[in-house]
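Asker: Work out the full structure: start from the sequences and follow the hints.
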Amino acid sequence: MSANIEVERGLHKVLGPVMGDVEVTNLHQLSAGASRETWSFDAVTGQGSEPLIMQRARAGAAPTGVRSAEAAILRLARDGGVAAPEVVLDGVGAGPLERDFTIVRRIDGESIPRRILREPRLESARNTFVAQCARELAAIHALDVSSVDGLLTRVDDPIEYQRNVYESFDDPHPVFDLVFRWLASNRPPAAGSSVVHGDFRLGNLLVAESGIAAVLDWELCHVGDPRSDLGWLCARAWRFGGAGEVAGIGSKTELLESYEAAGGRRVNVDDLRWWEVWPRFVGGTPVSCWSTIFVAVALGRSRWR
Amino acid sequence: MSNVRRARTNWPHDAPPATDLIEAARDHLSAEAGSSDAGRARWMARVSANALTVALRELESKDTDARQHALRLGRLGVADDAELAEVVRSGGFDGRHRQLAHELWEVTLAKLRVANPGYRDEALEPHRDSVSKGNQT
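Going down the list, the protein sequences come from chains C and Y. Counting in the numbering used here, the first sequence runs from 1 upward without gaps. Counting in the numbering used here, the second sequence runs from 1 upward without gaps.
Hints may be right or wrong, so weigh each one.
Across the chosen pairs, the derived CB separations fall in these ranges [stated by the list, open to error]: (1) Y:TRP11 / C:SER124: 45 to 53 Å; (2) Y:SER30 / C:ARG105: 56 to 64 Å; (3) Y:GLU86 / C:ARG105: 47 to 55 Å; (4) C:TYR161 / Y:GLN99: 39 to 47 Å; (5) C:SER185 / Y:GLU86: 15 to 23 Å; (6) C:GLU167 / Y:LEU71: 22 to 30 Å; (7) Y:SER90 / C:PRO96: 49 to 57 Å; (8) C:GLU257 / Y:TRP11: 23 to 31 Å; (9) Y:GLY77 / C:ALA208: 56 to 64 Å; (10) Y:ASN50 / C:ASP170: 22 to 30 Å.
Derived from the structure by calculation, the hints contain no laboratory data. Beta carbons are placed, not taken as given, at the ideal position from N, Cα and C, and that holds for glycine.
Answerer: Written out as structure tokens, the structure reads:
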């Protein structure tokens, strides 16, 4: 296909200056998400073959510099002990790859949620999954906020932030207006700001037999309340048929205890619930928010005051 | 792909509307024809099948859902979702909380019946619990 040839040429051009005489092989597209494409390939040089991943904005998405910020965050997170992919090269704007891109070293592991939840070979990874999530999140939340100054969006008022997103759709859903009222009157005390991954859940975690191999998809990374990552990991939408409260795998108690043991702050279950209800309008429509409505309404109609 | 900009709303359900879902499924299937990766092809086929299933449920119940939603709005004394959203936001229903929550619960179930019946079935259990607890207080 012509797209492959164009990408292959582009990769060759950007990798040449850093890797020298390089050949791009085994190029194929892994996924086409809402906002970007993921390509897998090997860069073959005289020294051997490097397994790599290239992600770039989808065609039509305006260059925003977000990819470049993501590369900086990946480097910072990796230095901070987070299992973030290792950045090999990144670029912004209309270069040989046409749009903002990041190239990282490819890591072996499973990202498909249903396989992570069910495959017998990942049994031991499932047993340690919740504690490992807690450790990764504690490490992310311990990153130095001042070192990402200007790179990341700050979410100081989570209710106002999501209300603005909701209102920008100009597509009224009265249940969300009720959710925002509930959130405003049941808000837990502020817990300070951290670097927040923003989309830490099954689907964005690479799991190998030995456990979590990589934390992927940092494009929603921001500075905000660290408890939002914990709530998102427990969201109904991301359990993929699994029975556990945390990613379909484990319990909230284990998550919160492991998080605190790994250096995270103490979080109580009621506060976690508030963050589960906090709406997330991923993808530009409220469709992915059914879990929020579901949790919010199921919380008890009598408690909405 | 069409350049016609569609309205975001798909009242009384949510975006994307059935036409977009069917179009997406068609596009996925076209792409699958050009892909040699079996895993990716399987995934696309599954996404496509799911999209078509949702689209069909929506088409089957849309007229009934629209009528029932209009009745709900009438009971709440508002003309449309925009007015209801505005009144809820400004606290106009704080004194009629139970009625509002009941109607919005029914709205949610109707939407889930189309978008994700599994969530709906699951949601019905905690709902019964919360109602009985609510009645005791």
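Asker: State for each hint whether it applies.
Answerer: Comparing the hints with the structure gives:
no. : hint                           : in the structure
1   : Y:TRP11 / C:SER124: 45 to 53 Å : holds, 49 Å
2   : Y:SER30 / C:ARG105: 56 to 64 Å : violated, 33 Å
3   : Y:GLU86 / C:ARG105: 47 to 55 Å : holds, 51 Å
4   : C:TYR161 / Y:GLN99: 39 to 47 Å : violated, 30 Å
5   : C:SER185 / Y:GLU86: 15 to 23 Å : holds, 19 Å
6   : C:GLU167 / Y:LEU71: 22 to 30 Å : holds, 27 Å
7   : Y:SER90 / C:PRO96: 49 to 57 Å  : holds, 53 Å
8   : C:GLU257 / Y:TRP11: 23 to 31 Å : violated, 45 Å
9   : Y:GLY77 / C:ALA208: 56 to 64 Å : holds, 57 Å
10  : Y:ASN50 / C:ASP170: 22 to 30 Å : holds, 28 Å
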